[in-house]
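Fit chain S to the supplied structure of chain R, relying on the hints for placement.
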Amino acid sequence: MEGLRATGPLKAPRWLIWSVTEAFAGPFRSSAAQVAELPAHQLDRQRRRLNLRLILTFVLLTLLLVALPISVARMQSLTLIALFVGLILFAALGLWANHAGHTTAAASVFILAVFAGTVALAVSRSGDSTGVVVSYANLGVFLLIAGLTLPAPLLWASALIANVLTFGGLLFFPFAPHQPATGTASELRGLATEIVTFQLLIALLAQVYVSSTRASLRASAQAYEQERVLAALKDQFLIDANHELRTPVMALSSNVQLLARLGERATSEDRARLLDRASQAATRLQRLLHNVLDAGALESGAPRVAPEPVVLSALVHETLETFDPLEVGEPGLTQQAAQARSVTVSVPADLRVYADPARLRQILVNLVANAIKYSEPGTPLVIRASLLDTPARGGPARHRASAERLPVQVSVQDQGLGVPPTEAHQLFQRFVRLRRDIAGPVRGTGVGLYVTRSLVEAMGGRIWVESDGVPGKGSTFTFTLPAVDDSDRSSTPDNSQDADATSAIAT
Amino acid sequence: MTSPPSIHHVLLVDDDPTLTAPLQEALELLAGYAVTVAADGAAGLEALSARRPDCVVVDIRMPGVDGYQFIRAVRGDPETTEVPLVVLSALAQEAQTLAGFLSGADAYLYKPIDLDELLAAIKRAIELTATERQQRLTDLTAE
Numbered sequence: 001m002e003g004l005r006a007t008g009p010l011k012a013p014r015w016l017i018w019s020v021t022e023a024f025a026g027p028f029r030s031s032a033a034q035v036a037e038l039p040a041h042q043l044d045r046q047r048r049r050l051n052l053r054l055i056l057t058f059v060l061l062t063l064l065l066v067a068l069p070i071s072v073a074r075m076q077s078l079t080l081i082a083l084f085v086g087l088i089l090f091a092a093l094g095l096w097a098n099h100a101g102h103t104t105a106a107a108s109v110f111i112l113a114v115f116a117g118t119v120a121l122a123v124s125r126s127g128d129s130t131g132v133v134v135s136y137a138n139l140g141v142f143l144l145i146a147g148l149t150l151p152a153p154l155l156w157a158s159a160l161i162a163n164v165l166t167f168g169g170l171l172f173f174p175f176a177p178h179q180p181a182t183g184t185a186s187e188l189r190g191l192a193t194e195i196v197t198f199q200l201l202i203a204l205l206a207q208v209y210v211s212s213t214r215a216s217l218r219a220s221a222q223a224y225e226q227e228r229v230l231a232a233l234k235d236q237f238l239i240d241a242n243h244e245l246r247t248p249v250m251a252l253s254s255n256v257q258l259l260a261r262l263g264e265r266a267t268s269e270d271r272a273r274l275l276d277r278a279s280q281a282a283t284r285l286q287r288l289l290h291n292v293l294d295a296g297a298l299e300s301g302a303p304r305v306a307p308e309p310v311v312l313s314a315l316v317h318e319t320l321e322t323f324d325p326l327e328v329g330e331p332g333l334t335q336q337a338a339q340a341r342s343v344t345v346s347v348p349a350d351l352r353v354y355a356d357p358a359r360l361r362q363i364l365v366n367l368v369a370n371a372i373k374y375s376e377p378g379t380p381l382v383i384r385a386s387l388l389d390t391p392a393r394g395g396p397a398r399h400r401a402s403a404e405r406l407p408v409q410v411s412v413q414d415q416g417l418g419v420p421p422t423e424a425h426q427l428f429q430r431f432v433r434l435r436r437d438i439a440g441p442v443r444g445t446g447v448g449l450y451v452t453r454s455l456v457e458a459m460g461g462r463i464w465v466e467s468d469g470v471p472g473k474g475s476t477f478t479f480t481l482p483a484v485d486d487s488d489r490s491s492t493p494d495n496s497q498d499a500d501a502t503s504a505i506a507t
Numbered sequence: 001m002t003s004p005p006s007i008h009h010v011l012l013v014d015d016d017p018t019l020t021a022p023l024q025e026a027l028e029l030l031a032g033y034a035v036t037v038a039a040d041g042a043a044g045l046e047a048l049s050a051r052r053p054d055c056v057v058v059d060i061r062m063p064g065v066d067g068y069q070f071i072r073a074v075r076g077d078p079e080t081t082e083v084p085l086v087v088l089s090a091l092a093q094e095a096q097t098l099a100g101f102l103s104g105a106d107a108y109l110y111k112p113i114d115l116d117e118l119l120a121a122i123k124r125a126i127e128l129t130a131t132e133r134q135q136r137l138t139d140l141t142a143e
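Chains as they are written, first to last, in this note's numbering: chain R, 1 to 507; chain S, 1 to 143.
Chain S on its own, in the form it takes in the complex:
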C-alpha cells in the first residue's frame, strides 16, 4: 500500500449511524483518510463550509436536505463546485441513479458495496480533473 502524499479528507454524509460507524473506521484505518461524519444534508453543508474536503460520500434518502439537494447545493456554490462527490445509496432504480448523476455526482454506488470498491471509487473521484468532470456531465445530458 502506497501512502498518499498528504492525508486526504473525506466527508461522510449519511443519517444511519450503523453504517457511518464502520465506514468511518474503514476509511481511516484501511485508506488513511481523515474522516468527518455528518448525520444529514444540512449538517453536511455546514461541515463542508467549515472545512473543504477532498471527497464527499453522500447518501440520498435523508431527513431534511436530501442527497440530491445536497449535491446541487455543493455544485451550485463556486467555493465547492469542484469537490468530488460519490453517492452511496440504497436507491438503486435507474431513474434515481440518473437523477444523482444529473445533480452532479461523480459516482453513484449502490448499498451494499464491497469496501474495496468504495475505496477505489473515492480514489478515482479524488483523481478526477475538472475537465473530465465537465466532459462527463456534457455526455450525460447529451443522452
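Next comes chain R alone, as it looks inside the complex:
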C-alpha cells in the first residue's frame, strides 16, 4: 500500500507527459508497415485524427495554463472565466469524441462552435469596427484547421459558411451596432471581399497540402510494397538456387567418387562413361552458375558485350553439341532413343549477326535448356533464323548502330507446356517464375530469361514469347540481333571462309 502511494504521484505526471508529447509527436510519426498495410481511406482518417488530437490538446493546454490563470489573476469578469472553463470542457469533450473514433463529428462541432462564437462576439461589440473585421479574418485560421481535420467536401462547406457569415455579418446584419461606426458601405464591401478571398485562399492551401500528403503517402506505400515483393522473390530465388545447385554438384561428385573408389577395377569403358557423365553435370552446373552470377552482376548495370560478326549457324550447332546427346538426339547414338529429340535447325549457312559470341551462346543455351526442361522427352525442337527486310523498330535508343542494320530473327520452338498469355509479360523479369512452376516439379531459379533478355537488349535486340498457354502446343521464344551488312563484310575480308566452313556443318 505504502509503495503504491509513494509511486502514485510520481507516475501521474509521467503518464501526462507521455500523453501530451504523444499528441504533439503523433502527426509527424508513421511506420512504413502501417502506411503500406492500411487502406487509403483509413490512412486519411488516421491522419485527420492525429491532427485533431494535436490541435485540441494545444487549445486545451493554452486555455488551462495561460488564458485561465491570467484571467483569474487579473480578476476579470466571472463570465469570461466561466467561458474559459466551458471551452476547456468543450475541448476535453472533443478530445474524448476524437479518441472514440468520431473525428469528423468532433472537428465539425469544434469548427462550427468557433464560427458561432466569432459571430456572436462580433455582433455584440459596439463601436469597435477594427476588432469586428479582425474576428472575421480570423475565421481563415479555422478553415486551415478544417482542412487538417475534416474530409475535403466538409472543408469547402466550412469555407462557404465562413464566407456567408463574413458577408452577412459585415454588410447585411440588420441590427449590427457597429455598422454606423465602421464608415461607408463601400469600404466595408471592399474589406468583406478581401477577407472572403483570404478565407478561400486558406481553404485552397489546406486542400493542396492534404492532397500532396495523400499522394506521397500512397507513393511510399507502393514503394514499400514493391520492395517487399522483391524481397520475397529474392528469398525464393535463394531457396531455388540453393536447391538447383545441389543436384548437379551431386551428379558431378558421385561420378567422380565412383571412379576413384573403383580404382583399378574400372574398365576403360567405365572410365569414359563416368567421366562423360561428370562432364555433363559440370556443364549443367556451369550454365546455372553463369545465370545466377549474371543476374547478380546485372543489379549494377547492363552487361558488357563485345559484338563482332558471327556466323549464326556454326554457333547454333556448336551450342547444341554442349547438350546431352541422349536428350537432344544425335544420329550416332541409338541408346535411349525414345528420349532423344529431333532438333531441326533451319538457319541459312551464310547468315551472320553482329553479336558477342559467348553471350549469344549463353542466350541459345538458356532458350534450348528451357525448351527441353518444359517439354516431354522426345518432343521435337525447331530452331529457325532469317534475315528480316525491314529495319528494327522499337529497340533501345542507345543502339544507334544496330538500328541502322537489318535485324536477324532467331526463334526456338518447342511442343512443351507453353506459357499462359496472362503471365507472358512477367516472364522476362528478375526472379519471376510462372505460378504453375513455383509449386510444380520443374526446377528453376527465375533468372534465366531475365539474364537472356538483358543480354539480347545489350546487343541491340528484342526478345518475346508466343504461346497459347496450352500444354503440348508449346511456345516459341524469338529474339532479334543486328545482321552483318556489306560494310562489315568488306572490313573483315576473311569471313567468307568461315561461311563456307559453316555450310558444311549445317548440312
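Careful, some of the hints might be misleading.
Unchecked claim - As a list, the in silico DMTMM-like pairs of lysine to aspartate or glutamate whose alpha-carbon atoms are at most 20 Å apart:
(1) Lys373(R) <-> Asp40(S)
(2) Lys373(R) <-> Asp468(R)
(3) Lys373(R) <-> Asp15(S)
(4) Lys373(R) <-> Asp324(R)
(5) Lys373(R) <-> Glu321(R)
(6) Lys373(R) <-> Glu28(S)
(7) Lys373(R) <-> Glu423(R)
(8) Lys473(R) <-> Asp324(R)
(9) Lys373(R) <-> Asp66(S)
(10) Lys123(S) <-> Glu28(S)
Keep in mind that the hints were calculated from the coordinates and are not lab data. A quick note: this is a predicted structure, and the numbers were derived from the prediction, not measured.
Relative to the frame of chain R, chain S by itself:
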C-alpha cells in the same frame, strides 16, 4: 569389405537420370546391392508392390506423386510399412526435413552427399529394427 549374407535389394526413386545412373552403379559396384530405379513416385510404388526391397532411397521433389506422398503411402500400407526409407533430397530447409521425418523417413540426407555417407545411411536403415523406428517417431512427435 565383408560381403552381406544375402544380396540386399535397394529401390532408387528419383526423376533425375543424371543422378540415378551413377548412384545405381555405386550401390551395385561398391556395396553389392541389387538396384531397381523408378523415375517418379508412382513408378516407385509400382516397383515396390512388384518386389519388396530391403531399402528405398527416395527423392522429394518429383512430378506426380512426390517424396512425401510416396513415404506416407509406403508407411500406410501394412505390406510395406516396415520397409527402411532413406530420403535423398536437395530440399534442405528445416521444415522440409522435419516433414520428411514426420512422413516416416528413417533418414533424411541432403544432396550433395558423399557416396560413403549414403552407403552408411542405407546400411543403418536396413539394420534399424521396427521397435527402434517406432521409438524414433514417438520421440519426434513428442518434440
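Is the Cα-Cα distance between Lys373(R) and Glu423(R) 20 Å or less? Measuring from Cα to Cα gives roughly 18 Å; hence the hint holds.
Regarding the pair Lys373(R) and Asp40(S), is the alpha-carbon distance no greater than 20 Å? Between Lys373(R) and Asp40(S) the Cα gap is close to 16 Å, so the pair holds against 20 Å.
For Lys373(R) and Glu321(R), compute the direct alpha-carbon distance and say whether it is at most 20 Å. This hinted pair holds, its Cα atoms lying about 17 Å apart.
For the pair supplied as a hint, Lys473(R) and Asp324(R), confirm whether the alpha-carbon distance does not exceed 20 Å. violated, 24 Å
What's the verdict on Lys123(S) and Glu28(S), does the C-alpha distance respect the 20 Å limit or exceed it? holds, 14 Å
For the pair supplied as a hint, Lys373(R) and Asp15(S), is the alpha-carbon distance within the 20 Å limit? Holds, because 13 Å separates the two Cα atoms, which is no more than 20 Å.
Quickly compare the C-alpha distance for Lys373(R) and Asp66(S) to 20 Å and report which way the hint goes. holds, 18 Å
What's the verdict on Lys373(R) and Asp324(R), does the C-alpha distance respect the 20 Å limit or exceed it? holds, 12 Å
Verify the proposed pairing of Lys373(R) with Glu28(S), using a straight-line Cα cut of 20 Å. violated, 29 Å
Just to be careful, I want the Cα atoms of Lys373(R) and Asp468(R) compared with a cutoff of 20 Å; is the pair within it? Roughly 18 Å between the alpha carbons, so the hint for Lys373(R) and Asp468(R) holds.
In this structure, the earlier hints numbered 6 and 8 are contradicted, and the remaining ones agree with it.
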